[in-house]
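Enquirer: Given next are the chains, with one letter for each unit.
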Amino acid sequence: DAKTTQPPSMDCAEGRAANLPCNHSTISGNEYVYWYRQIHSQGPQYIIHGLKNNETNEMASLIITEDRKSSTLILPHATLRDTAVYYCIVRPDTNAGKSTFGDGTTLTVKP
Amino acid sequence: GAVVSQHPSWVICKSGTSVKIECRSLDFQATTMFWYRQFPKQSLMLMATSNEGSKATYEQGVEKDKFLINHASLTLSTLTVTSAHPEDSSFYICSASDPYNSPLHFGNGTRLTVT
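Same order as they appear, the protein sequences are chains A and B. First residue of the first sequence? That's 1 in our numbering, and the numbers climb one at a time after it. First residue of the second sequence? That's 1 in our numbering, and the numbers climb one at a time after it.
None of the hints are false.
Cut-off 27 angstroms, straight-line C-alpha distance, at most; resulting in silico cross-link-like pairs (DSS-like, lysine-lysine): (1) B:K41 <-> A:K3; (2) A:K3 <-> A:K52; (3) A:K3 <-> A:K98; (4) A:K69 <-> A:K98; (5) B:K41 <-> A:K110; (6) A:K3 <-> A:K69; (7) B:K66 <-> B:K20; (8) B:K20 <-> B:K55; (9) A:K98 <-> B:K41; (10) B:K66 <-> A:K98; (11) A:K98 <-> B:K55; (12) B:K64 <-> A:K3; (13) A:K98 <-> B:K20; (14) A:K98 <-> B:K64.
Here are some chain A residues pointing at chain B (derived, C-beta under 10 angstroms): (15) Q42; (16) Q45; (17) S99; (18) D103.
Just so you know, these hints were derived from the structure itself, not from any lab. All values reported here derive from a predicted model rather than from experimental measurement. All C-beta atoms, glycine included, are put in the ideal place defined by N, C-alpha and C.
Next up, chain B with everything else stripped away, as it sits in the complex (with noise of 0.2 angstroms):
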C-alpha cells in the first residue's frame, strides 16, 4: 500500500531558530500533500495543502511567513517553521494520496518541541 515518510520523528529546538520537516511519498507520486498540526489531546487541524509546483493553500488563521511550504518534486513536501517559538511546540502530521487511490495515507508525525 502507499507509504507515507515523515523525518524527523522528533525534533528539539530553541527559540528563534528554523526547523524543516520532510514528508516523502515512498511508492507513489503525489501532487498534493497535506499539512495538519495536532496538539495534545487535542484533532489534527488542516495548515495547509502542498501543491507541486505551485504554492500552498493555507487554512484560515495559519500564517504563511511562519510555516514555509515547499513542494518541488512529486514525492517530496516540506515544512519550515520559522523564528520557532515554544508556542510552535506541537505534533505535525503530513500526508497524501495516490492519484490512482483515492484513501489519504499518513506519516507518522514530528514532535516539535521548541525550548
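Pulled out of the complex, with its shape left as it was, chain A reads as follows (with noise of 0.2 angstroms):
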C-alpha cells in the first residue's frame, strides 16, 4: 500500500476555506485518493475520493495535482463541527483493496 503523509495539525477559523494537504508520493496507477474524518470516539466518515481529476460533493473538493503525487482536501466553510481528524488514504478501487493509514492531520476550526 502506498503510504500517505499529512502536517499533523492545522488551525482553521470558522467560515474560512480549511485545505488540507495529503503527500502520496508512491502511489500506482489503480489507486484511488480517499478522505476520511474521524470525530472522537465514532468511526471515520466517508467524505470524498477521486483517481486523477478533480471532484466536488456536497461536503468537500478534492484537488490531486496532475502527476497524482499530492492532493488537497478542502473545506469551504469551515465550521466548528468540522473539527476533526482528517485522514488522507490511498486504495485500490475493489472491494477488497485494503487500506493503511498514516497519523492524519487535526483540523481545529476556531470561532
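Starting from two chains that each stand alone, build the complex the way the hints lay out.
Expert: Written out as C-alpha cells, the structure is:
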C-alpha cells in the first residue's frame, strides 16, 4: 500500500476555507485517493475520493495534482463541527482493496 | 448510502474472558470486511481482512489465535478477542465496501475495556 503523509495539525477560522494537504508520492496507477474524517470515539466518516480529476461533493472538494503525488482536501466554509482528525488514504478501487491509515491531520476550527 | 453497523458500542469484561464484536453491512453484501484497532491519540491500525467463506488474512504482528475472525455470511463478520487482557483494551472498528460502490464505510466502533 502506498503511504501518505499529512501535517499533524492545522487551525482554521470558522467560515473560512480549510485546505488540508496530503502527499502520496508512491501512489500506484490503480489507486484512488480517499479522504475520511474521524470525530472522537466514532468510526471514520467518508468524505470524498478521486483518481486523477478534481472532485466536488456536498461536503468538500478534492484537488489532485497532475502527477497524482499529492492532493488537497478543501472544506469551503469550515464550521466548528468540522473539527476532527482528517485522514488521506490510497486504495485500489476494489471492494477487497485494503487501506493503511497514516497519522492524519487534526483540524481545529476556531470561532 | 452504505451503512455498516457494529455491536456492541462498548463492552467491559474481566481478564481471561472472551468478547465477540459484530460487524454488519445493513444494505449491501460485503464479501470483504476489514478490522482495525485504535489506541488513544493514535491512528487506525489494520488488523485483518475478513473474507466471506474463507480464512481471514492477518497483518504482520497480529495474533490470529488471539483475534478470531469469522465471516460466515455476506453481511456479517465477527471479531472475537479471546482470553482478553488489559492490554487488549482498545477501540475496535470494522469497515466494508459495497462491491458496486468503492468507498469503505466504517462502523461506529467498539470500545473494549478489559479489567
